[in-house]
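Dock chain to chain to rebuild the complex, using the hints, since each chain is given by itself in its own frame.
Here are the chains, one letter per residue:
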Amino acid sequence: MNAATRLILAAPLVAPGRHLLEASAWAALPAALRQEPELDLLALWAEPGMIHVAFLAHDDRHELGRGRLLLASTPVPAGRYPALSPARPMAAWFERTIADLWGLLAEGGTDGRPWLDHGRWPLARPLSARPVAQGGEPPQPVFLPVEGAMDAEDVFQYPLGPVLPGGNPAHLRAHLRGGTVLRLEARLGYGHKGLFALMHGKSPRAAARLVARLAGDATVAHAWAFALAAEAATNTPAPPRAALLRAVMAEAERIGNHLLDWGETCAAAGFGWAQARSLVLRERLLHANELAFGQRLLLDRVVPGGVSIDIAASGAEAMLEALVVIEEELPAFQSVHETHAGLQDRICAAAVTPAAAVALLAAGGVAGRSAGRRFDTRQGAPYAPYPSLGFSVPGHATGDADARLRLRLQEIVESLGLIRAALARLEPGPTLVSLPVQAGEGTGMVESHRGEALHWLTLDEAGLIRACFARDASWPLWPLLEAAMQGQAVADLPLCRASLNPSSHGVDL
Amino acid sequence: MLWPKLARSLLHRSHATAPAPHPDTVAALAERMRAAGQTRLGRSLRILVVESGGCGACALEVRALAGAAYDMERYGLHFVTTPRQADILLVTGPATRNMTEALQRAWAAMPEPKWVVAVGDCAGGTGPFQGSYAVEDGGVNAVLPLDLVVPGCPPAPTLVLEGLLALLEAQASLG
Ligand code: SF4
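Those sequence lines, one after another, are chains A and B. End of the first sequence = 489 in the numbering used here, gap-free, step of one. End of the second sequence = 269 in the numbering used here, gap-free, step of one.
Only chain B is shown next, with the shape it has when bound in the complex (with noise of 0.2 angstroms):
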């Protein structure tokens, strides 16, 4: 029988380490938290993701973390598929004109407190598709109240996780 041998194999896997936000983006996402007199998210993270447009690289970046080789479970961060689960709402994606009402629909329906981080250079309003007339001019910020940007072309999924990790500690040092 196969199962239990790939459970072994996924099991032993020794874990990518753990990156370490930087504790400037750590600190000002606390003030961000504080000044914002947001209530504490508790201890986990629920995220949806939401591409608008782009290439798709970031997102496949994102998506990454969930597999074992970043085990991002392991922090309690998780990926929701519906908006009124979702603590963060993830965007990677140039924030499209054609999707700009979807973005904000999904923001509406989250619960608070809730957070935006851009993922990618396109999200961050610095992107490849900037200037063009089927884009917001400034990415997500155009759309949404951005709290993080994680910059990149696409980013690697640790420099994502180091992002998520700061929301996390902002959090827990406001405790």
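This is chain A alone, in the form it adopts within the complex (with noise of 0.2 angstroms):
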């Protein structure tokens, strides 16, 4: 009961919410693991010489709705560690992230196979303490033979990418026989652009502009938390009006989401006019982002310390507009979806996630919520404004993309209110406040559309960021489309990729 959450929780704090073990206690870490199984993997990460984890652990296991964070540290002399992700399958592809950025090695990972790295940057280990030169010809990609198939005269791949229609670049490889999909495998890093390179000795606010650039449809997310991330390590707060306008941008950008995604999945089902529909209204929307915000898609509003630019005078008025018109087309689009024979044909029971998939890999956002695992971190982890603003969250246990099509509706609705109530409760104040120039530490998570956007870093005495990792909702999502394929035929590839929409930009980092 609760093995890795006191293995963990008896080793002591070095800083806010974060354990230090020792090797011995980390090398217990994977059998514990395995005894608690509804102990969340979110992150893996490092920095040159030392492992982090963060967990979400669920206080009451019945009520899988609330979460708290539990972060993990272990030093690593030697350049090894124990891996984790025999006993959590997603932490395989953060132990490859390691290697190809920081050059730690899983002993006993599940996955030596590089990641991020294709052999095609100058360096080699580019955050390691002594990054090293390389060159030559880049490998050969290996992909993940089919068992009991390597051989089978009537199997074969089926390469896609790594342009793909719809964009986010990325490797897609089926192992086919006839159409129907044995293995699907995700090969990414592609958009690699070495994010955290870049931020390392920058100031919060001059990394902000950096990490509103980690994944621009949740520029918006990402931003928060990182800002929340910053604020912790120097104790300071945003004001409460910062709070407000960010959730106004946050709830702007799930709506602008979910209507896209919405139609994405629509027009893969054959229902292109569904898709024209959505378009025009989530152009409606960024419209009134623009009138509000001075920008439609949000980028380098909210900063550490609060937002970097006050609603417009006439911005609430705008925004509210646009809300109505959204308002009055949703019983339409929620008619289309529901009464729709032939949408029905193609999204009941279609790209189906496994939900012990989904609970292993603790896949968050709609993908999660469609399938039974509940935690939403406004509500479950939950962050200014939200607590003093009225919202449900809806969730189902299907899994298959008609679950997540509802979803997305019924989440517009809550985010139409949260917007609603947030512009209601704005007071006069100040927007921004500057951090104080200090050493410190800090996490910060937020809901994007997808899921859990978590962000961590330390900053120096010259309050300069030391050490900084970025965790993108998306990283479940991809082998979550691995697993919803398996089995499937391969003509619902673009329905599964549209329903789930992972994005790559978010996980290349």
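Be aware that a few hints might be false.
[Unchecked claim] Using 20 angstroms as the maximum straight-line C-alpha spacing, the simulated SDA-like pairs for lysine to any residue come out as follows:
| hint | chain 1 | residue 1 | chain 2 | residue 2 |
| --- | --- | --- | --- | --- |
| 1 | B | Lys208 | B | Pro222 |
| 2 | B | Lys208 | B | Arg137 |
| 3 | B | Lys208 | B | Leu240 |
| 4 | A | Lys182 | B | Gly225 |
| 5 | B | Lys208 | B | Asn235 |
| 6 | A | Lys182 | B | Gln224 |
| 7 | A | Lys182 | A | Pro28 |
| 8 | A | Lys182 | B | Tyr227 |
| 9 | B | Lys208 | B | Pro113 |
| 10 | A | Lys182 | B | Thr220 |
| 11 | A | Lys182 | A | Pro416 |
| 12 | A | Lys182 | A | Ala109 |
| 13 | B | Lys208 | B | Pro177 |
| 14 | A | Lys182 | B | Pro222 |
| 15 | A | Lys182 | A | Gly375 |
[Claimed, not checked] Simulated restraints on C-beta separations:
| hint | chain 1 | residue 1 | chain 2 | residue 2 | range |
| --- | --- | --- | --- | --- | --- |
| 16 | B | Pro117 | A | Ser315 | 44 to 54 angstroms |
| 17 | A | Thr319 | B | Gln198 | 42 to 52 angstroms |
| 18 | B | Ala203 | A | Thr160 | 28 to 38 angstroms |
| 19 | B | Thr176 | A | Gly250 | 41 to 51 angstroms |
No wet-lab data here; the hints were simulated from the structure. We put the CB at the ideal spot given by N, CA and C, even for glycine.
Structure representation (structure tokens):
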């Protein structure tokens, strides 16, 4: 019972919420994790000589809606650490990332293949204390074989990408027998831009411009989580007005993305006209964003210490008008969804995410809540201003494209209410405070439209970033896409991708 | 039945007004086409969008052009999904080293005449990720012969549209 949580809590705190485990305690972690399946692994990352892991602990086993962040670290003096992937499959992708960026190796890991490093950078292990020069022919990628089908003549490989229709550079490799997917594997890293190396040595304010560009469609969520981390590190909360404006922008971002994904899913199911309508609504909303905050996609609006721009004098009115237009259209969307037999045929029991995979990978957002993982950061690990705003977190259990489509519409309704409530509560006051220059460490977690966006950073005495990590909610969505496609018709891949819509930018780093 | 109503509401929506490309941009592009001895591309342009890293916001704004609010098809602009059908390689993102080969392959597979348009500061070589070990120095220009840059981080869809219309106008002026 709670074996892993107890193991971590028994270790001394080295920073708020982060425990430093001795090598022996870390080595005992995989076995303890197996005994505590409900402890979600959110992220695993490193800095030179040190490995960090972030878990989400659910205090009440029957009330998985609530959660608490639990961070643990262990020194890795010899460059090797006991892998967590045997106990948490999600860890494998992080372990590969750590090997590529920091050069630390996971002993006993389930997957030792490179991930972000395709052999095309001038440096290997760019974030380690001693990067090494690399050159020459990039190695050919190796894909996992399908068990029992190694030399089967009727099994063939179908490569897609990295230029995929609909964007997000990724390579998808399907092993097919006839039209059936035996195994789908995603290879990412094409968009790796070296985010952390650029952030190191910058002030949180300067690095915010980079964080805002980790994943452009979740820019508000990431900028907010990063700001919370920087504000925690300096004990300087943002003013109440800024918190409300952040919520307005974050919910606008959620609505815009849900509209996009709703339309993409319908289009993938053969209903392009539904997408046309959702795109019109999205444009209406982005236009209101521009009037209210000076930018359609809201980049660089949320910054450490508050927000960089106050809402325009007529901004609230513009937002409210757009909300009415969206609200008026939603019943039509819903009735199309529920009554159109052709659409129902395509989306019901299609692109199903197995509940066990959702739980094991700790998939969040719509993917999680449509398949029994109820967690929503806004409610389960709340941050200002959400505790003061009323909203509900709908959920489903079937995990198919239909449930996700339904949930997106339901979440849009909640977000409409949240924006109205936040706007109604706006009081005159400051929108930005400057963070003191000091050493510190902090984490921040925000609910993006895909799920939990988690940021962690440490600041040195000069207030500059010494180390940092950003966990996009897409990390579990790629393995979930692989799991959802197993045994399915390859023709369903576009629908499955559109319905889950994992971002490669967020995880390519 | 819901369809006709939705179709009507789509049709009755007034379009955003067409942006007018700057005459200097058009003239410069026309000069470039002449110098390259380019034959005309035709009255329509087929565009392959490739994201070479970046944050994806530029690509979102580019894809917004297909929506009814901009309705790029009325100008003869179409998105395609294979390089073999493309006249324009529209690149967003800073040209990550991990995408260099994919960019070159897409370019090589495109039939002549063909053009490269960089959308956004990243692709133009002045974006926030310049200087990283993981991106080419100078953006897309380091990998492919760049014809047009639409600046911005990200540029609004109207600005992207203006750039593409400038290409169309430039070739029309060669007519
Ligand atoms: S130019 Fe800016 S908006 Fe465009 S991809 Fe690069 S970072 Fe994103």
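Verification of the supplied hints:
For the proposed pair Lys208 (chain B) and Pro222 (chain B), the alpha carbon gap of about 28 angstroms is over 20 angstroms, so the pair is violated. A distance of roughly 14 angstroms separates the Cα atoms of Lys208 (chain B) and Arg137 (chain B); the hinted pair therefore holds under the 20 angstroms criterion. Distance check on the hinted pair: Lys208 (chain B) and Leu240 (chain B) sit about 11 angstroms apart at the alpha-carbon level, within 20 angstroms; holds. For the hint linking Lys182 (chain A) to Gly225 (chain B), the alpha-carbon distance of about 14 angstroms falls within 20 angstroms, and the restraint holds.
Of the pairs offered as hints, the one joining Lys208 (chain B) and Asn235 (chain B) holds, with about 15 angstroms between alpha carbons and a cut-off of 20 angstroms not exceeded. For the given pair, Lys182 (chain A) sits about 15 angstroms from Gln224 (chain B) by alpha-carbon distance, which is consistent with the 20 angstroms threshold. Among the hinted pairs, Lys182 (chain A) with Pro28 (chain A) is consistent with the structure: their alpha-carbon atoms are about 18 angstroms apart, no more than 20 angstroms. Straight-line distance between C-alpha atoms of Lys182 (chain A) and Tyr227 (chain B) comes to about 17 angstroms, which keeps the hinted pair within the 20 angstroms bound.
Taking the CA atoms of Lys208 (chain B) and Pro113 (chain B), the gap is near 23 angstroms; set against the 20 angstroms cutoff, the hint is violated. Using a Cα cut-off of 20 angstroms, the hinted pair Lys182 (chain A) and Thr220 (chain B) holds, with the two alpha carbons roughly 19 angstroms apart. Simply put, Lys182 (chain A) and Pro416 (chain A) have alpha-carbon atoms about 14 angstroms apart, close enough for the 20 angstroms limit, and the pair holds. Under the criterion of a C-alpha separation no larger than 20 angstroms, the hint pairing Lys182 (chain A) with Ala109 (chain A) is consistent with the structure, at around 18 angstroms.
For the given pair, Lys208 (chain B) sits about 10 angstroms from Pro177 (chain B) by alpha-carbon distance, which is consistent with the 20 angstroms threshold. Using a Cα cut-off of 20 angstroms, the hinted pair Lys182 (chain A) and Pro222 (chain B) holds, with the two alpha carbons roughly 13 angstroms apart. Distance hint between Lys182 (chain A) and Gly375 (chain A) is unfulfilled; the C-alpha atoms sit about 40 angstroms from each other, more than 20 angstroms. Distance hint check for Pro117 (chain B) and Ser315 (chain A): the Cβ-Cβ separation is about 49 angstroms, which falls inside the suggested range of 44 to 54 angstroms.
For Thr319 (chain A) paired with Gln198 (chain B), a C-beta distance near 49 angstroms keeps the hint of 42 to 52 angstroms intact. Separated by about 29 angstroms at the C-beta atoms, Ala203 (chain B) and Thr160 (chain A) satisfy the suggested range of 28 to 38 angstroms. Our hint of 41 to 51 angstroms for Thr176 (chain B) and Gly250 (chain A) is violated, since their Cβ atoms are close to 21 angstroms apart.
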